[in-house]
Amino acid sequence: MENILNYIIAGLANGCIYSLVAIGFVLIYKSSGILNFAQGTIVILNAFVFYSFTIQLGIPMVIAILLTLAFGALLGFVIERFILDRLIGQPILAVIILTLAFSEFLKGIMNLGWGTDILSAPQLFPRGNITILNIVTLDYSRIAFLVITFFLIIIFAIFYNKTKIGLAMKATSDDTIAAGSVGIRVRRVFVVTWIISCITAAAGGILVTNVMGIHIQVAEIGFKAMAVALVGGLQSLPGIIIIGPAMGIIEFLSAAYLDPLVDGGMRDLVPFIILLIVLIFRPSGIFGWKHIERI
Amino acid sequence: MWRPSGLFHVNYSQEIAFVQTPFQWVMLVLGLFVTFALPLFIPLDALNFFIKAFITITAVLGLTLLTGNCGQISLGHTAFMAVGAFVGAPLLNQGVPLILCLIMAGLAGGIVGLIFGLPALRIKGFYLAFATLAAFYVIRFILIHYFGGVVGHNVPPPSILGFSFNSDFRIYYLIASTCFAMTYFTKNITRCKWGRAFIAIRDHDIAANTLGVNVYFYKLMAFFIGCFYAGVAGLVLSIYMGWASVDHYSLTNCIWYLGMIIVGGMHSISGAYLGVFFILGIEEMGIVIAPKLAELFPQLAGSMIGAVPIIFVGLVLVLFIMIEPRGLVHRWEIIKTSIRIFPFSN
Amino acid sequence: MLQLVNVEVRYHEVILVIRGISLEVQPGQIVSLLGANGAGKTTILKAISGILHHEDGKVSEGFVNFQGRRIDKLEPYATAEAGILHVMEGRRIFEHLSVEENLLTGAIMHGNGKTHSDLEKVYTYFPKLASVRKRTAGYLSGGEQQMVVIGRALMGRPKLFLLDEPSLGIAPLLIKEIFDILNAINRDEGISMLVVEQNARIALDFSNYGYVLENGRIVLDGPSDKIKQNEDIKEFYLGLSELGSRRSYKDFKHYSRRKRWL
Numbered sequence: 001m002e003n004i005l006n007y008i009i010a011g012l013a014n015g016c017i018y019s020l021v022a023i024g025f026v027l028i029y030k031s032s033g034i035l036n037f038a039q040g041t042i043v044i045l046n047a048f049v050f051y052s053f054t055i056q057l058g059i060p061m062v063i064a065i066l067l068t069l070a071f072g073a074l075l076g077f078v079i080e081r082f083i084l085d086r087l088i089g090q091p092i093l094a095v096i097i098l099t100l101a102f103s104e105f106l107k108g109i110m111n112l113g114w115g116t117d118i119l120s121a122p123q124l125f126p127r128g129n130i131t132i133l134n135i136v137t138l139d140y141s142r143i144a145f146l147v148i149t150f151f152l153i154i155i156f157a158i159f160y161n162k163t164k165i166g167l168a169m170k171a172t173s174d175d176t177i178a179a180g181s182v183g184i185r186v187r188r189v190f191v192v193t194w195i196i197s198c199i200t201a202a203a204g205g206i207l208v209t210n211v212m213g214i215h216i217q218v219a220e221i222g223f224k225a226m227a228v229a230l231v232g233g234l235q236s237l238p239g240i241i242i243i244g245p246a247m248g249i250i251e252f253l254s255a256a257y258l259d260p261l262v263d264g265g266m267r268d269l270v271p272f273i274i275l276l277i278v279l280i281f282r283p284s285g286i287f288g289w290k291h292i293e294r295i
Numbered sequence: 001m002w003r004p005s006g007l008f009h010v011n012y013s014q015e016i017a018f019v020q021t022p023f024q025w026v027m028l029v030l031g032l033f034v035t036f037a038l039p040l041f042i043p044l045d046a047l048n049f050f051i052k053a054f055i056t057i058t059a060v061l062g063l064t065l066l067t068g069n070c071g072q073i074s075l076g077h078t079a080f081m082a083v084g085a086f087v088g089a090p091l092l093n094q095g096v097p098l099i100l101c102l103i104m105a106g107l108a109g110g111i112v113g114l115i116f117g118l119p120a121l122r123i124k125g126f127y128l129a130f131a132t133l134a135a136f137y138v139i140r141f142i143l144i145h146y147f148g149g150v151v152g153h154n155v156p157p158p159s160i161l162g163f164s165f166n167s168d169f170r171i172y173y174l175i176a177s178t179c180f181a182m183t184y185f186t187k188n189i190t191r192c193k194w195g196r197a198f199i200a201i202r203d204h205d206i207a208a209n210t211l212g213v214n215v216y217f218y219k220l221m222a223f224f225i226g227c228f229y230a231g232v233a234g235l236v237l238s239i240y241m242g243w244a245s246v247d248h249y250s251l252t253n254c255i256w257y258l259g260m261i262i263v264g265g266m267h268s269i270s271g272a273y274l275g276v277f278f279i280l281g282i283e284e285m286g287i288v289i290a291p292k293l294a295e296l297f298p299q300l301a302g303s304m305i306g307a308v309p310i311i312f313v314g315l316v317l318v319l320f321i322m323i324e325p326r327g328l329v330h331r332w333e334i335i336k337t338s339i340r341i342f343p344f345s346n
Numbered sequence: 001m002l003q004l005v006n007v008e009v010r011y012h013e014v015i016l017v018i019r020g021i022s023l024e025v026q027p028g029q030i031v032s033l034l035g036a037n038g039a040g041k042t043t044i045l046k047a048i049s050g051i052l053h054h055e056d057g058k059v060s061e062g063f064v065n066f067q068g069r070r071i072d073k074l075e076p077y078a079t080a081e082a083g084i085l086h087v088m089e090g091r092r093i094f095e096h097l098s099v100e101e102n103l104l105t106g107a108i109m110h111g112n113g114k115t116h117s118d119l120e121k122v123y124t125y126f127p128k129l130a131s132v133r134k135r136t137a138g139y140l141s142g143g144e145q146q147m148v149v150i151g152r153a154l155m156g157r158p159k160l161f162l163l164d165e166p167s168l169g170i171a172p173l174l175i176k177e178i179f180d181i182l183n184a185i186n187r188d189e190g191i192s193m194l195v196v197e198q199n200a201r202i203a204l205d206f207s208n209y210g211y212v213l214e215n216g217r218i219v220l221d222g223p224s225d226k227i228k229q230n231e232d233i234k235e236f237y238l239g240l241s242e243l244g245s246r247r248s249y250k251d252f253k254h255y256s257r258r259k260r261w262l
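Protein chains in written order, with our numbering: chain A, 1 to 295; chain B, 1 to 346; chain C, 1 to 262.
Keep in mind that the hints were calculated from the coordinates and are not lab data. Because the structure is a prediction, the values reported are computed rather than measured. Every residue gets a Cβ at the ideal spot worked out from N, C-alpha and C, and that includes glycine. Be careful, since some hints might not be right.
Here are the computed distance ranges between Cβ atoms for each label pair [to be verified]:
hint, chain 1, residue 1, chain 2, residue 2, range
1, C, S141, A, D85, 38 to 46 Å
2, B, P157, A, Q217, 33 to 41 Å
3, B, N93, A, E220, 31 to 39 Å
4, A, M61, B, G306, 43 to 51 Å
5, A, R282, B, L28, 49 to 57 Å
Which residues of chain C face chain A? A few of them, derived with a C-beta cut under 10 Å, are [to be verified]:
hint, residue
6, F94
7, E101
8, M109
9, G113
10, L220
11, G222
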């Protein structure tokens, strides 16, 4: 019993990060119709940059975090300006391959810059754990995950629902041309979307590598987050915020109870299996909009 | 291609003929002759490049049919190749004849492709791309856990009628012949009813359905055929490597394959050839340049050899899709037309 | 105020849709554009508001002037900022936003200062909207959606409205209501309007001046009352041939021949 609770809490903490990363590319998808397959690589690139700032350059933690977020924002701006510009209106295959090729390119760069060893990320939170009622053991970093992602999502929700630019983003994602016709600067909205997306990626990168270590393979978190987004329904932000933790929990439980049956590795597989099943039965995801197509 | 102006088809069999003009006959015979005489004149390095290219073309032709012609994006192509290799390699080990092994590998790839193509009946676009990516991971997991994927299988040099393919020189002929056989097969599919159905589905599946194309059947068949190619190519690759391991069938390769069909121009066979040679050429350039760069930047030397080709190909693909998303064939058509109508071109 | 001088519009650089059109909207005036399907009415509005750029179309000859400034190269947001609000065909509301959010999107380009009073103004013109302000706009009826779209444009403090088929798919009673409100807006706010309509009777009753388009050319223009008196307009747009008498289809060919204007 204790074990199950522990797995659930750990899964919850991990799943929150999936939600955080997923929000990033769902925003991009909603506003410009582009699914960014490079998101996971951007997450890990930010983690590497954070590593360089703290360990290699010795910048104090708080400033390094801010610098990494700033780097994420800059990256988003550059990608929007130089790549996205050409992508709108291109066939889907070209978009997919461009983002994937860009992701491979970034991986090559990271391989050059930081090598292929697993780097240990700087310690963000003190080690140790607390035990509640002798049932649940929580280590500090998991608690911090939960709290931080929770706060980030709240901040994001406020930004998205209460500010003018959030309103402009919503309008743009509904109907780009109509948004332009009421005086919204659509290109500027795209830039902001990419910047936010890359900042969430940076935050996700800093958090996730804190437990997993920094390695190019961690980029697969992007694919897992994408599975979360597709299961939740690509257009639905609440759906993603719900599905992320759920997916995390299922992942940890299956790792605990199914792994002995198939000698390991279920953790990385379960999201994809769930995705395949959901896509067959509910093609637009659990909370997604039905897409009506006319000839 | 290569048809001068003023020459028209006057009936349907001319329209769909495999070879349309005497000049094309000449080119075809010449091309075959050059390909088969090539190993006698070029060094081993270059030969290996051509072997790799022909294996890749075999795989990419499958994608040309599946993605280029039928519009179903597959990010799991290399996984289906791995399936082919993992079915074919044990069979080869037990002395099953090579041709049979190739067919079995193709069928295995095709059937697995059919299963993982099922989501395509309900989804498309980004969703399908990601579903096939999920398929890639699922297949990889199964191969690693139940078929000894990481260690893999030893593949003995196969033989036909006592002729053993035990050197690169000999394997070249096996691979080039497989590739040409598959090319012929592709050409035949694209010019028959099935090919037209595929194109109709790519352009608009619902519209195709209302016109009487059985979309479900043809989508699944596209997956079956496309993955059949993958299976064959996978086994051929493992024969060349002498070893079948999941590490030979990475996601990166799959991305490059899709990049090749875009660079080539999506739905034409010549596009597949052009794309493969172009991208492999870039990759080769990276492999050649990497050691020289390593000398310039000794502190980065360790990861240079692995990273530089990927950076090269990734960058070229990104730039290519940004600048010429319709591919080399499109550019080639423009050049050809402007030469043909010279001096009236602008 | 708005001037189109010899404007030619091409799509994809080859398809010539508008073949040299000149028209003018005076301050405070309501101008209507009439014409059959495919005559190019909507394209003219898109050329003015700049939406043409999103459809691979271009003003290839001539120019569009708004208050002495050339605007045919501007993006839609820039023309909106200049004071031209395009109410597009088919009620392009933001379906997943609430009514109030829809209205507020119109004010995004302005500062926060007067947003609230603007909102109140929209609700006084469209009292119906005030009662559904929290509803998701996608679930509204067609007439209410049209009101939302017009209200949203009003939030942008326009000097000129481009209205594209405001009556499309709306019940006759509601059409009258909407046009009455538009009239009131024109009277009280002094906003000029350029209206595209299939429903010629409503459009001519509503406007001061009219242009008739055919195949990308203006074939007739004049004050609305005059146009209403034109025999051909009566025949082909208003359906009033020899009032009350039954039409004989024997003469059908003769009519279609007569319809060639140029």
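Would you pick out the hints that fail for this structure and give their numbers low to high? The structure breaks hints 4, 9, 10 and 11; every other hint is satisfied.
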